[in-house]
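Student: The lines below spell out each chain.
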Amino acid sequence: DGGITQSPKYLFRKEGQNVTLSCEQNLNHDAMYWYRQDPGQGLRLIYYSQIVNDFQKGDIAEGYSVSREKKESFPLTVTSAQKNPTAFYLCASSMPGVANTEAFFGQGTRLTVV
Amino acid sequence: AQKITQTQPGMFVQEKEAVTLDCTYDTSDPSYGLFWYKQPSSGEMIFLIYQGSYDQQNATEGRYSLNFQKARKSANLVISASQLGDSAMYFCAMSPGNTPLVFGKGTRLSVIA
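Respectively, the protein sequence lines represent chains A and B.
Following this note's numbering, the numbering of the first sequence begins with 1 at its first residue and continues without gaps.
Following this note's numbering, the numbering of the second sequence begins with 115 at its first residue and continues without gaps.
Source of the hints: derived by calculation from the structure; they are not laboratory data.
Ideal Cβ placement from N, Cα and C applies to all residues, glycine included.
So the derived label-pair ranges between C-beta atoms look like this:
(1) A/MET95 - B/GLN170: 17 to 25 Å
(2) A/LYS14 - B/LYS130: 45 to 53 Å
(3) B/GLY211 - A/VAL52: 17 to 25 Å
(4) B/ALA115 - A/ASP38: 16 to 24 Å
(5) B/GLN183 - A/PHE12: 42 to 50 Å
All chains, please: the whole structure from these sequences, using the hints.
Tutor: Below you can see the structure in the form of structure tokens.
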């Protein structure tokens with residue numbers, strides 16, 4: 001079945017460590033996105049990519065990095081520079097420029113700093 | 115700047131009744147899309163309904179309808195005949211032009227038996 005797969009579902013990180021969250025899609029979508037969600041809050045955009053080998057910062061990119069070497073994959077690295085990384089992370093994909101097309105989301109990764 | 119405002123942090127509705135979740139938006143782009151998503155406690159985001167800025171008629175999808183008032187910049191979601199399974203967080207989102215979705219803070223809907 002087509003969809004977006006995020007892994008792992010739960011992730012624990014020690015302070016000072018970098019961790020990488022995986023996001024893979026088989027929908028043949030050009031655009032991919034990373035959002036962060038804090039308890040009781042909406043989704044805030046971290047990074048997005050509309051084409052392979054290109055990506056742009058979102059509203060809260062500090063302390064995060066991404067790569068887009070393949071169309072199917074858009075991994076997010078949470079670096080030690082991110083001061084408060086405990087949150088729920090959602091990856092999404094879409095076909096930009098196509099009317100009436102929604103973004104599809106993965107199941108999310110819940111990151112906890114211990 | 116693009117912005118979505120959802121003024122109702124929480125709502126209660128009796129089972130089988132209709133409920134309206136409010137959403138207002140702000141954008142200077144004449145071309146935009148408006149979306150509603152449902153987020154159950156599992157965390158997944160489920161797409162419900164879409165309205166384009168140039169659409170003349172309000173969008174409907176089963177029990178969901180979108181009350182689009184362009185002059186007032188509002189895009190309220192109406193859920194008819196509420197069911198217990200409708201209890202979840204609901205997010206309004208906007209995509210101006212060819213840009214990523216901007217989300218509101220959400221409304222938590224609780225359906226009471």
